[in-house]
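Peer 1: Top to bottom, those sequences are chains A and B.
Here the working numbering = 1-based position in the first sequence + 15.
Here the working numbering = 1-based position in the second sequence + 239.
Don't read these hints as lab results, they were simulated from the structure.
Backbone N, C-alpha and C define an ideal beta-carbon position, used for all residues, glycine too.
Don't take each hint at face value.
Mimicking DSSO-like on lysine-lysine, the simulated pairs with C-alpha atoms at most 27 angstroms apart in a straight line are [stated by the list, open to error]:
no., chain 1, residue 1, chain 2, residue 2
1, B, Lys-478, A, Lys-405
2, B, Lys-300, A, Lys-343
3, A, Lys-522, B, Lys-300
4, A, Lys-522, B, Lys-478
5, A, Lys-405, A, Lys-522
Beta-carbon label-pair distances, calculated as ranges [to be verified]:
no., chain 1, residue 1, chain 2, residue 2, range
6, A, Ile-358, B, Val-310, 26 to 32 angstroms
7, B, Leu-317, A, Leu-495, 42 to 48 angstroms
8, A, Leu-233, B, Thr-319, 31 to 37 angstroms
9, A, Gly-523, B, Asn-307, 47 to 53 angstroms
10, A, Leu-242, B, Val-310, 46 to 52 angstroms
11, B, Thr-319, A, Ser-615, 27 to 33 angstroms
12, A, Tyr-84, B, Thr-491, 27 to 33 angstroms
13, B, Thr-378, A, Gly-86, 58 to 64 angstroms
14, B, Ala-345, A, Leu-372, 39 to 45 angstroms
15, B, Tyr-288, A, Leu-372, 54 to 60 angstroms
16, A, Leu-372, B, Thr-319, 44 to 50 angstroms
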Amino acid sequence: MSTTALSDAETAHDDHAHEHEHHHELPWYRKYVFSTDHKVIAKQFMLASLFFLFVGGAFALFIRWQLAYPGQPIPVIGSILPTTWVTEPGSGIITPEFYAQLLTMHGSIMIFFVVIPLALGMFGNFCIPLMIGTDDMALPRLNMWSFWLVPPAGLIMMSGFFTQTGYAAAGWTSYPPLSAVIQVPSFTVSGQTLWLISVFMVGFSSIMGSLNYITTVLNKRAKGMKLFDMPLTVWGLFITAIMAMLGTPVLAAGLAMLFMDNFLHTSFFLPDNLVTSSKYFGGGQPILFQHVFWFYSHPAVYIMILPLMGIVSDVLATFSRKPIYGYKAMVFAIAGIAFLGFIVWGHHMFQSGMNPLLGTTFMLSTIVIAVPSSIKIFNWLGTLWRGNIKFTAAMMNALAFVSMFIIGGLSGIFMASAPVDIYIHDTYFIVAHIHYVLFGGSLFGIFAGIYYWFPKMFGKMLNESWGRKHFYWSFITFNLTFFPMHILGLGGHMRRIYDPNVYDFLKGLGPINEFITISAIALGFSQLFFVFNILYSLKWGKKAPRNPWRANTLEWAAPAHPGHGNFDTDITVYRGPYEYSVDGRDVDYWPQWEPGASISVHHHTVAVTDGKDTRTFGAH
Amino acid sequence: MGGILKVFDMLVWFPENISTFGQELDNLFAIIYWVSVIIFFLTFGVMAYFLVKYRYRPGRKGYNYHGNNIVELTWTILPTILFAWIGLYSDDVWARTKYSSKVPQADVEILCLGRQFGWTFLYPGADGKFGRNAFTDRTARNLMSTTNIFGMDSTSADGMDDFVTENQFRVPVNSNVVIRGSSIDVLHSFFLPHARVKQDVIPGTWMAIWFNLFKTGDYELACAELCGSGHYSMRAEYKVVSLAEYDKWLDTKNAEVIGARQPQPTPTATADTATVASH
Numbered sequence: 016m017s018t019t020a021l022s023d024a025e026t027a028h029d030d031h032a033h034e035h036e037h038h039h040e041l042p043w044y045r046k047y048v049f050s051t052d053h054k055v056i057a058k059q060f061m062l063a064s065l066f067f068l069f070v071g072g073a074f075a076l077f078i079r080w081q082l083a084y085p086g087q088p089i090p091v092i093g094s095i096l097p098t099t100w101v102t103e104p105g106s107g108i109i110t111p112e113f114y115a116q117l118l119t120m121h122g123s124i125m126i127f128f129v130v131i132p133l134a135l136g137m138f139g140n141f142c143i144p145l146m147i148g149t150d151d152m153a154l155p156r157l158n159m160w161s162f163w164l165v166p167p168a169g170l171i172m173m174s175g176f177f178t179q180t181g182y183a184a185a186g187w188t189s190y191p192p193l194s195a196v197i198q199v200p201s202f203t204v205s206g207q208t209l210w211l212i213s214v215f216m217v218g219f220s221s222i223m224g225s226l227n228y229i230t231t232v233l234n235k236r237a238k239g240m241k242l243f244d245m246p247l248t249v250w251g252l253f254i255t256a257i258m259a260m261l262g263t264p265v266l267a268a269g270l271a272m273l274f275m276d277n278f279l280h281t282s283f284f285l286p287d288n289l290v291t292s293s294k295y296f297g298g299g300q301p302i303l304f305q306h307v308f309w310f311y312s313h314p315a316v317y318i319m320i321l322p323l324m325g326i327v328s329d330v331l332a333t334f335s336r337k338p339i340y341g342y343k344a345m346v347f348a349i350a351g352i353a354f355l356g357f358i359v360w361g362h363h364m365f366q367s368g369m370n371p372l373l374g375t376t377f378m379l380s381t382i383v384i385a386v387p388s389s390i391k392i393f394n395w396l397g398t399l400w401r402g403n404i405k406f407t408a409a410m411m412n413a414l415a416f417v418s419m420f421i422i423g424g425l426s427g428i429f430m431a432s433a434p435v436d437i438y439i440h441d442t443y444f445i446v447a448h449i450h451y452v453l454f455g456g457s458l459f460g461i462f463a464g465i466y467y468w469f470p471k472m473f474g475k476m477l478n479e480s481w482g483r484k485h486f487y488w489s490f491i492t493f494n495l496t497f498f499p500m501h502i503l504g505l506g507g508h509m510r511r512i513y514d515p516n517v518y519d520f521l522k523g524l525g526p527i528n529e530f531i532t533i534s535a536i537a538l539g540f541s542q543l544f545f546v547f548n549i550l551y552s553l554k555w556g557k558k559a560p561r562n563p564w565r566a567n568t569l570e571w572a573a574p575a576h577p578g579h580g581n582f583d584t585d586i587t588v589y590r591g592p593y594e595y596s597v598d599g600r601d602v603d604y605w606p607q608w609e610p611g612a613s614i615s616v617h618h619h620t621v622a623v624t625d626g627k628d629t630r631t632f633g634a635h
Numbered sequence: 240m241g242g243i244l245k246v247f248d249m250l251v252w253f254p255e256n257i258s259t260f261g262q263e264l265d266n267l268f269a270i271i272y273w274v275s276v277i278i279f280f281l282t283f284g285v286m287a288y289f290l291v292k293y294r295y296r297p298g299r300k301g302y303n304y305h306g307n308n309i310v311e312l313t314w315t316i317l318p319t320i321l322f323a324w325i326g327l328y329s330d331d332v333w334a335r336t337k338y339s340s341k342v343p344q345a346d347v348e349i350l351c352l353g354r355q356f357g358w359t360f361l362y363p364g365a366d367g368k369f370g371r372n373a374f375t376d377r378t379a380r381n382l383m384s385t386t387n388i389f390g391m392d393s394t395s396a397d398g399m400d401d402f403v404t405e406n407q408f409r410v411p412v413n414s415n416v417v418i419r420g421s422s423i424d425v426l427h428s429f430f431l432p433h434a435r436v437k438q439d440v441i442p443g444t445w446m447a448i449w450f451n452l453f454k455t456g457d458y459e460l461a462c463a464e465l466c467g468s469g470h471y472s473m474r475a476e477y478k479v480v481s482l483a484e485y486d487k488w489l490d491t492k493n494a495e496v497i498g499a500r501q502p503q504p505t506p507t508a509t510a511d512t513a514t515v516a517s518h
């Protein structure tokens, strides 16, 4: 983040803060670098993850180039690529070895260093204390550490470049025996070894963050705020934190075992009688790793989307000027998805060789997830119904989330059905699905959240017109990039292949690959609108008022650009977060912190002035 | 109407199906696909309608309404019924194609090993029986090496006529083929796009992969699980031929095996060398 923005934070901290002169001035590195302020940590997560977003995106464009134009030199930068990446120095044609590293790093960076840190790290840190009306996290130092594990972890993963084998190259799923890399002697550090250490550290960061979120939500809610007075953003983050707490240690165990197989040549996952030149012990089972890995990584898919579901719900309600339809149903749906998320991991393994009887179990549990997911979709549509919908950049990104999630959800049913999965498993159909959910879903949700909370984060409004340009370009090029991947998948195009032209049955798909690549490049460059908008608005943006969207939740009670400690008034919560367009009010919103009585008549809230009737009904 | 539907018909992108259960899988795909198309247009239609109808108007006020349990219940139960039906129907097809108990009596049985980066097949030869090897006898796994990946015991009488093919195999049309698949190094996935077959093969475990193909011709086998930098090149070809042609081919192969064994003074010690003579 720019120093300007941060020093603004201090000035905007305003006169009020100076009343608390009992805390002495912190040195600069405690304010901007090793800060315990949840808002600064959120900005640090944002900066780090947006940086990695562009690294991961660049890797994706390399992959796309190779698929569309196999064996042709990369334009513009081809001649300056490192010699280990290309067939011969200066040729600009990437090698199959580097291609495997690219797809591994693209997936790993996007999942572990972009979407999870943005969804959980940035929004978790920024939203939870502000939206529950408290000064900071329950455990601020732990919080600081949860961020400061991420940059070293990123460096460690990226330094795979300097090892003899290059970056990790076993896919983001890192299935052994491939990921054990036993062709190199034990005690050799390969890119894969570094990958394992790095992901282990990120996992640790997740655990610390989640522990903090759970503690904060349970203990530090403002006076009067019941659990069912929390906005859905907080619910989403809270339930996600519980999932991360339960799932990540399992991943850590899997990574530790794989690390030992990789570095010490033990045999948790290595069976007997591998025909290999290197010595190892034998007697392990490769599929065990898949079970352990997906026991975390399937919930991780929901870790990457549940917080955004919450955020999108809040954005939809605010800009429709309506209560969220079926608030409690939404909470139960999030909880339902979270619970089911833990019993469906086997659907990644239908063709893995596990007993097909287990396939039946996992297929049925997976299909059940479609139910809470449809409940969410219908409730979002219900929220739009009879609203007064304002199409801000935040709202449009939130609507994109909903619509792309519908497509991603529907394409998920194909994979959930195990017999259909036989053919589409490990093809581009899966790639299309994951990108509809993680890019079309999570990333558009993240954009919505950034457009929505940017004023509170930096004290400046993001430019709406640039925001809209960013949205239109992203939304259109996103669909042009990822929708045709469904077609590739149906044609049988496998994932992770370096050159589709090797196969006769893929010959006809060349033009589609080319089309996708051109769209992907456009999609990549569309993100420059976003970067430009952020930089432009930080410098020249309109100064944000305290509550620019006229929203109800507690973060808008804080000063326009809150300093350490967040609030300048005592916060008491009087009602649920979604009392928009209440009858008997002059304005179409009714903040949670504003005193006043209401009654509930047939699912409508009506404000009452009668002093005798002091019953306060919430949003339910 | 038919013309309009054709625009949305993504099923035309499938490669031609040549396997008996393939049609069933494709039909199931089609059912889910058309259900999805309907749901897509319903939800997007409703959404677009709301977005236009309830767009911002200065005098308009949102409708403060918190939801209705009967509505919630309806849109919980209806999808549950729909998805439960899809689940149960899918399970039926899944059980028939993949359950171990449903693997049919083999007309042709072949062993297949994946390796970085290629596929090797072992046929039981003229006697239709495999000799002692890593599949038929667990203890023979100790014989596995880079030169004898199937761990074949050269002293085994049944194994004398077993022969190996590299990156190609042949199966007769309209026969139940059971392929016992495994790997010697990392995970691979045995993917026959036209036959709608996909099964990961795992070192240390033998998977039963079965199919019955009804159309003769030349087709391709691909690896569908990332197995290293050469993953993309792990291609093999297979021929589906008439039974007569298949028998003729077996005879030729048998002659080759016997031919390769002739000059050797002690036949028992030569099973290894014979099997190296591939296609």
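Peer 1: Each hint should be assessed against the structure and marked as holding or not.
Peer 2: Right, here's what the structure says about each hint:
1. Lys-478/B <-> Lys-405/A: violated, 61 angstroms
2. Lys-300/B <-> Lys-343/A: The hint holds at about 24 angstroms.
3. Lys-522/A <-> Lys-300/B: violated, 56 angstroms
4. Lys-522/A <-> Lys-478/B: Satisfied, since the Cα-Cα distance of roughly 19 angstroms is no more than 27 angstroms.
5. Lys-405/A <-> Lys-522/A: Violated, at roughly 47 angstroms.
6. Ile-358/A <-> Val-310/B: 26 to 32 angstroms: holds, 28 angstroms
7. Leu-317/B <-> Leu-495/A: 42 to 48 angstroms: Because 33 angstroms falls outside the window, the suggested range is violated.
8. Leu-233/A <-> Thr-319/B: 31 to 37 angstroms: holds, 32 angstroms
9. Gly-523/A <-> Asn-307/B: 47 to 53 angstroms: Cβ of Gly-523/A to Cβ of Asn-307/B: about 51 angstroms, so the range 47 to 53 angstroms holds.
10. Leu-242/A <-> Val-310/B: 46 to 52 angstroms: violated, 24 angstroms
11. Thr-319/B <-> Ser-615/A: 27 to 33 angstroms: holds, 29 angstroms
12. Tyr-84/A <-> Thr-491/B: 27 to 33 angstroms: violated, 43 angstroms
13. Thr-378/B <-> Gly-86/A: 58 to 64 angstroms: violated, 47 angstroms
14. Ala-345/B <-> Leu-372/A: 39 to 45 angstroms: Violated - the Cβ-Cβ distance for Ala-345/B and Leu-372/A, about 21 angstroms, lies outside 39 to 45 angstroms.
15. Tyr-288/B <-> Leu-372/A: 54 to 60 angstroms: violated, 45 angstroms
16. Leu-372/A <-> Thr-319/B: 44 to 50 angstroms: At 24 angstroms between Cβs, range violated.
Comparing the model with each earlier hint shows violations of hints 1, 3, 5, 7, 10, 12, 13, 14, 15, 16; every other hint is respected.
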